[in-house]
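Novice: Chain residues, written in single-letter form:
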Amino acid sequence: MSVKDHAGDYYIPDPSPWPIIGMVSLLLTLIGAALALNGVAIGQFAVIAGLLLFFYLLYGWFRDVIQENLSDRYNKQVDTSFRLGMFWFIASEVFFFLSFFGALFYIRNIALPWLGGDGYLGATQEILYTGFEPAWPSSGPGELGGEFQPMGPWGIPAINTLLLLSSGVTITWAHWGLKLDNQKHLVWGLIATIALGLLFVGFQAYEYGHAYSELNLTLESGAYGSTFYMLTGFHGFHVTMGAVMLMAILGRSMKSHFSSHKHFAFEAVAWYWHFVDVVWLGLFIFVYWL
Amino acid sequence: MLQAGLLLLAGLLFHSAAKAEYGLNFPEPAAGVAQEIYDIHMLTMGIATVLLIIVFAIVFYSLYFHRKSRGYQADQNFHTSWFGHWSWVIVPVMVLGVDLTIAGKADIVLKKVWDVPKEENIMDVKVTGHQWWWEFDYLDHDIKVESRYIPEEQSGDLYLREVDNPLVLPTGVKIRFLHTSADVLHAFWVPELAVKKDAIPGYITETWAELNREGTFRGQCAELCGTWHSRMPIVVESVSQDKFTAWVDGQKAIKVAAAAEASADKTWSMDELMVKGKTLYETKCAACHQVTGMGLPPAFPALNGSVLTKGPIADHLNIVINGKEGTAMQPWGTLNDLEIAAIVTYERNAWDNKMGDVVQPADVKQAR
Amino acid sequence: MSTTTLTHDEAHHHEAPKGWRRWLFSTNHKDIGTLYLLFALIMLFVGGASAMLIRMELFQPGIQLLDPDLYNNLVTNHALIMIFGAVMPAAAGLANWMIPMMIGAPDMALPRMNNLSFWILPAAATMLLLSFVVPFFPGGGTQINTGWTIYPPLSVQVGMSMDFLIFAIHLLGISSVLASINIIVTLLNMRAPGMKMLKMPMFCWTWLVTAFLLILVVPVLAGGVTMLLFDRHFGTSFFDAAGGGDPVLFQHLFWFFGHPEVYILLLPSIGVLSHVIPAFSRKPLFGYNSMVGAMIAVATIGMVVWAHHQYTIGMSLGAVTYFMIGTILISIPVGLMIFNFIATMWRGAMTFETPMLFAVGIVLMFTFGGLSGVMLAVVPADMQYHDSMFVVAHFHYVLMPGAVFGLFAGVFYWLPKWTGHMYDEKLGKLFFWTNVIGFNITFFPQHFLGLAGMPRRIVDYNVMFTEFNVISSVGAMIFGLSHLLLLYIVIKTIRGGKKAESRAWEGAKGLEWELDSPPAFHTWTVAPQIK
Ligand code: HEA
Ligand code: HEA
Ligand code: CUA
Ligand SMILES: [Cu+2]
Chain A
1 MSVKDHAGDY YIPDPSPWPI IGMVSLLLTL IGAALALNGV AIGQFAVIAG
51 LLLFFYLLYG WFRDVIQENL SDRYNKQVDT SFRLGMFWFI ASEVFFFLSF
101 FGALFYIRNI ALPWLGGDGY LGATQEILYT GFEPAWPSSG PGELGGEFQP
151 MGPWGIPAIN TLLLLSSGVT ITWAHWGLKL DNQKHLVWGL IATIALGLLF
201 VGFQAYEYGH AYSELNLTLE SGAYGSTFYM LTGFHGFHVT MGAVMLMAIL
251 GRSMKSHFSS HKHFAFEAVA WYWHFVDVVW LGLFIFVYWL
Chain B
1 MLQAGLLLLA GLLFHSAAKA EYGLNFPEPA AGVAQEIYDI HMLTMGIATV
51 LLIIVFAIVF YSLYFHRKSR GYQADQNFHT SWFGHWSWVI VPVMVLGVDL
101 TIAGKADIVL KKVWDVPKEE NIMDVKVTGH QWWWEFDYLD HDIKVESRYI
151 PEEQSGDLYL REVDNPLVLP TGVKIRFLHT SADVLHAFWV PELAVKKDAI
201 PGYITETWAE LNREGTFRGQ CAELCGTWHS RMPIVVESVS QDKFTAWVDG
251 QKAIKVAAAA EASADKTWSM DELMVKGKTL YETKCAACHQ VTGMGLPPAF
301 PALNGSVLTK GPIADHLNIV INGKEGTAMQ PWGTLNDLEI AAIVTYERNA
351 WDNKMGDVVQ PADVKQAR
Chain C
1 MSTTTLTHDE AHHHEAPKGW RRWLFSTNHK DIGTLYLLFA LIMLFVGGAS
51 AMLIRMELFQ PGIQLLDPDL YNNLVTNHAL IMIFGAVMPA AAGLANWMIP
101 MMIGAPDMAL PRMNNLSFWI LPAAATMLLL SFVVPFFPGG GTQINTGWTI
151 YPPLSVQVGM SMDFLIFAIH LLGISSVLAS INIIVTLLNM RAPGMKMLKM
201 PMFCWTWLVT AFLLILVVPV LAGGVTMLLF DRHFGTSFFD AAGGGDPVLF
251 QHLFWFFGHP EVYILLLPSI GVLSHVIPAF SRKPLFGYNS MVGAMIAVAT
301 IGMVVWAHHQ YTIGMSLGAV TYFMIGTILI SIPVGLMIFN FIATMWRGAM
351 TFETPMLFAV GIVLMFTFGG LSGVMLAVVP ADMQYHDSMF VVAHFHYVLM
401 PGAVFGLFAG VFYWLPKWTG HMYDEKLGKL FFWTNVIGFN ITFFPQHFLG
451 LAGMPRRIVD YNVMFTEFNV ISSVGAMIFG LSHLLLLYIV IKTIRGGKKA
501 ESRAWEGAKG LEWELDSPPA FHTWTVAPQI K
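Protein chains in written order, with the numbering used here: chain A, 1 to 290; chain B, 1 to 368; chain C, 1 to 531.
The set of hints was computed from the structure by calculation and includes no laboratory data. It cannot be assumed that every hint is accurate.
Stated by the list, open to error - Cβ pair distances, simulated, as ranges:
no.: 1; chain 1: B; residue 1: N318; chain 2: C; residue 2: G139; range: 21 to 29 Å
no.: 2; chain 1: A; residue 1: R83; chain 2: C; residue 2: R495; range: 54 to 62 Å
no.: 3; chain 1: B; residue 1: T327; chain 2: C; residue 2: G318; range: 33 to 41 Å
no.: 4; chain 1: A; residue 1: A248; chain 2: C; residue 2: G19; range: 29 to 37 Å
no.: 5; chain 1: C; residue 1: G318; chain 2: B; residue 2: G250; range: 50 to 58 Å
no.: 6; chain 1: C; residue 1: D67; chain 2: B; residue 2: K365; range: 37 to 45 Å
no.: 7; chain 1: C; residue 1: R495; chain 2: B; residue 2: S69; range: 29 to 37 Å
Backbone N, C-alpha and C define an ideal beta-carbon position, used for all residues, glycine too.
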């Protein structure tokens with residue numbers, strides 16, 4: 001068998017227990033969540049057990065991948081597979097966020113005007129909601145959740161934009177370091193990125209606290225509260241995940257797992273980070289600003 | 001072939017079923033737009049039939065002649081002939097032609113269906129879907145009609161097509177329907193009027209119709225709305241304008257009488273309230289809580305022996321007047337004081353409840 | 001590349017692992033494909049059993065078997081299990097088995113993840129099952145009486161079983177997205193040297209497009225049901241007018257997924273036909289390029305016409321006009337596909353083994369269903385058809401021939417390759433005829449029911465609708481029982497039968513037919529060269 005052979009050296013992993021553990025952990029978590037949401041007490045324990053199992057799975061699975069990688073089982077073609085896989089995974093995430101942006105767009109441009117008597121179906125306002133003005137931000141004709149103040153763009157959100165944008169720069173800078181095989185440069189780049197990311201999450205948490213305690217802006221605040229927390233919340237969750245991934249990469253960098261020509265894991269995380277970055281820009285513009 | 005056979009079969013059956021009041025197609029339209037919708041339906045069905053016949057003919061020709069068992073040799077170069085090279089243009093262009101024919105005709109009808117005429121003397125009827133009955137508000141006449149299905153014992157063959165109070169409409173007048181809902185989605189559908197529209201809670205959608213013949217037209221709720229989605233028939237009674245005016249006057253008289261009775265400063269006896277309460281309960285509440293008061297758990301709680309019906313009157317009144325959000329229990333505050341008093345009294349004393357207390361209209365007024 | 005790695009691999013991989021580990025821990029595309037197919041078969045019977053209950057209930061007017069909530073709970077489960085449990089996994093099973101063999105790859109690109117995408121399915125099925133049974137336990141809340149479209153506000157009224165359903169949908173989504181990523185990567189990265197994109201077997205093309213569709217639309221459904229979950233439990237008002245939301249928003253999110261979904265169901269079967277029809281016509285597929293183009297067009301247009309399921313919700317005239325024309329235009333690419341199939345049969349030397357019988361049946365019956373789809377697309381007329389039994393007739397006519405029969409054709413076509421045995425042709429033909437006749441008796445009369453005014457999703461109906469419902473239910477029993485024949489044929493073929501050659505069919509073309517029947521555990525460890 002020739003070494004250059006196209007497929008012969010494509011690495012096919014041995015049978016692996018991780019997928020089935022994944023199934024069990026997801027099942028446990030979700031059954032637990034469904035029960036917990038409805039006030040069945042054992043639900044919470046199932047969620048915790050499921051999540052613990054899930055983290056164990058992540059740890060074990062990635063450990064296997066890293067070992068295979070370090071023992072040089074992956075050739076160029078496998079590397080391409082990983083790249084394509086990550087790319088299309090991010091694509092699916094984009095569409096996940098699109099559903100929330102779509103909801104925001106729909107509510108602002110179709111639902112509210114309709115409720116407020118604009119457009120061709122004026123009767124809704126005439127008969128059901130006389131006097132309702134459909135101005136954004138709105139908690140709807142029922143003014144659910146009571147009066148609230150919207151979140152302005154130019155305080156914390158603007159700072160957060162700067163933070164995330166600079167974290168995009170620092171991770172690129174780290175990448176340069178990696179390409180130059182300069183470990184110190186790489187590690188500091190990553191540390192800076194993680195710090196910026198965590199700072200972002202911290203500000204976000206502070207902002208939520210402020211919104212709840214002073215602005216009376218809650219999840220219950222009608223359409224505005226719903227879309228605001230949904231979009232920023234899922235984004236914040238992704239930033240957190242991204243930060244955890246960065247930490248894993250940081251650990252591996254310190255162990256010199258990467259070389260200037262072979263560092264897919266680093267790039268995957270960097271792509272993810274950039275994706276989170278771009279989503280934030282969308283948020284900043286459509287949720288906070290416009 | 002199979003379809004043709006089935007069509008034949010269906011045709012035969014149609015003969016035997018001719019006594020049943022329908023055939024193989026839409027019922028005869030009773031409104032202008034309905035007629036146009038019927039025509040566009042016939043057009044697209046005609047086109048579809050022709051296309052289907054063409055496809056069947058070509059396929060069966062090929063199946064018969066281009067068989068190996070007949071010794072036919074496959075033409076390996078068919079796909080490289082000029083036809084093979086250009087069919088990807090020819091076929092789409094032909095299909096596009098048919099598509100545009102359909103779309104063009106449909107577009108004309110669509111405009112008429114969609115644009116509710118902006119006329120001064122258009123008659124507004126607000127149609128509200130409830131779980132599981134219809135409410136018709138004649139906005140111009142200040143009349144309200146509640147329309148519910150009739151149990152099988154009383155409606156016989158018309159079960160699920162018959163209601164207690166039909167929607168009475170005059171012919172020759174443009175009517176604008178304003179659809180909305182009190183709880184979940186419903187959809188107003190009477191085939192003879194053709195127009196179907198969803199009732200969306202918190203929103204109003206519009207349709208219109210102008211009836212062109214008298215008669216009784218039956219339809220059903222067409223959007224899944226929960227347990228008794230099958231029990232939301234709609235009956236339109238189409239009458240001449242004179243009869244309609246007479247009907248309106250009759251309804252108004254009834255309404256005045258009821259209001260007078262309710263506001264009369266009278267203390268009602270237990271028996272009077274129980275009698276009134278029983279009929280009201282059985283029309284309005286029994287759909288969910290059942291005539292027996294046993295409900296249909298877990299969806300609908302029993303009222304017989306329930307905490308609320310056996311607890312303080314105030315709480316009982318509260319749930320009836322204000323309902324419970326997020327459940328099928330709607331607010332019944334639109335009922336008048338007397339009606340609520342009667343229902344609550346009935347619930348507290350019927351079945352095994354026997355609380356022995358009486359709720360007067362005045363108590364209800366206070367509780368609101 | 002170090003040679004030590006290679007010896008290591010060879011030692012481990014040239015023989016199938018033994019016992020339960022082989023199936024639970026599998027990283028082999030053929031084994032995972034088999035798992036998918038078995039799962040789909042089981043689900044076909046589960047979904048079919050609920051369909052039989054539905055038809056038994058509708059056999060006569062009145063409420064005989066099922067109380068109304070149970071009826072609609074069954075309808076909901078029937079639809080979800082058939083679509084997500086039977087059709088999609090079966091198509092994924094075919095993809096797993098065939099794609100690597102067809103493109104000369106040693107396996108799927110990401111074998112471990114492949115196993116994960118499969119194993120999430122049983123978890124999702126468990127959640128679905130739980131959502132069905134939970135209401136029967138004390139404190140379990142009300143049943144899911146919403147239909148598979150789970151429109152709010154009704155779905156907000158439902159008890160905790162709806163949460164199980166929502167999480168089941170999340171799991172199904174994760175599974176499909178992971179499987180799609182794998183398929184896309186495999187097709188883009190693992191083709192044998194020399195196999196250009198435009199030389200890929202058609203089945204691969206259909207799955208490539210399908211996988212793209214899945215990646216783009218499934219996350220939107222996941223987002224939609226997540227909002228539903230929040231509306232149910234965390235006080236948000238996405239779908240509540242009082243807070244400025246709109247129940248219709250959910251419909252948009254659902255159908256943005258739901259309409260492309262129907263092409264996700266359709267396309268893999270189109271791929272199967274693109275192999276079966278040429279094989280049994282003994283001549284190449286007519287219009288390979290136009291087929292690829294048509295498919296991409298179907299997917300693209302299919303992404304932007306979703307609101308034809310919501311004509312009755314009160315959109316503006318401009319919006320409905322747009323959605324109407326867009327929807328009608330889909331007949332162009334789909335028509336081109338059908339035309340290509342007919343032109344492939346034209347002047348071929350046809351024989352009619354079971355896969356070909358199904359293929360011919362599909363061309364005829366799918367066209368019929370598609371044409372009723374075009375009737376539905378016409379807005380004014382849909383004001384009559386919408387939510388009536390006419391729609392039920394339409395979609396079973398496209399779903400059964402367009403998706404399920406295509407998968408049957410694929411199963412019969414490739415069974416010899418998978419098992420090494422020829423199936424019993426006589427029984428196969430018998431299955432075809434009972435199946436197709438039963439199908440038509442079941443669903444043809446439903447058109448008339450719809451036109452006469454019978455809404456869908458009702459447990460009880462007026463006596464005037466009796467006749468056609470009786471016919472339909474009787475047909476459904478014939479149709480249902482015919483599937484037992486399928487089960488028998490498949491089991492019989494697995495256990496033995498005439499030995500299949502590598503090229504089981506005279507006219508079959510493609511790399512998969514160059515491998516033994518059944519193929520070795522690992523195939524194409526050395527990639528073939530494509531000229
Ligand atoms: C595999 C699944 C599948 C497929 C392929 C299709 C294909 C099509 N469907 Fe169908 N549809 C469903 C599954 C599918 N559908 C389901 C499940 C529902 C109901 C969901 C629910 O509510 O629960 C539904 C509902 C549905 C509706 C909503 C009805 C309503 O609720 O009121 C509409 C309306 O436009 C529609 C239209 C179409 C059209 C235009 C096509 C086209 O793609 C068809 C194109 C094919 C042809 C046209 C035939 C071949 C072409 C020719 C022979 C060329 C010549 C033709 C012409 C010139 C017209 N479908
Ligand atoms: C791929 C999808 C798919 C498939 C394959 C089917 C297959 C079938 N469907 Fe389904 N159906 C849907 C998708 C599908 N359906 C959807 C999306 C809906 C809409 C749901 C909604 O409104 O929310 C629907 C709704 C629906 C309804 C309408 C319910 C209503 O609106 O009130 C009906 C009624 O006749 C029906 C019947 C059938 C039948 C008889 C079959 C048959 O083809 C089934 C045949 C298979 C078997 C029977 C299994 C194998 C055999 C056995 C189990 C052996 C035992 C047999 C006997 C006891 C006879 N379906
Ligand atoms: Cu009301 Cu269905
Ligand atoms: Cu569609």
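Novice: Next step is simple, just say for each hint if it's right about the structure.
Specialist: Evaluated hints:
Take N318(B) and G139(C): their Cβ atoms lie about 25 Å apart, and the range 21 to 29 Å holds. Remark: the range hint 54 to 62 Å for R83(A) to R495(C) is contradicted by a beta-carbon distance near 44 Å. Taking 33 to 41 Å as the suggested C-beta distance range, the pair T327(B) and G318(C) conforms, at roughly 38 Å. Evaluation of the 29 to 37 Å hint for A248(A) and G19(C) yields a pass: the beta carbon distance comes to about 34 Å.
Checking the proposed 50 to 58 Å range against G318(C) and G250(B) shows it is violated: the Cβ atoms sit about 44 Å from each other. The beta-carbon spacing between D67(C) and K365(B), approximately 39 Å, falls within the hinted interval of 37 to 45 Å. Distance hint check: the CB atoms of R495(C) and S69(B) are about 31 Å apart, consistent with the given range 29 to 37 Å.
Of the hints listed earlier, those the structure fails to meet are numbers 2 and 5, in rising order.
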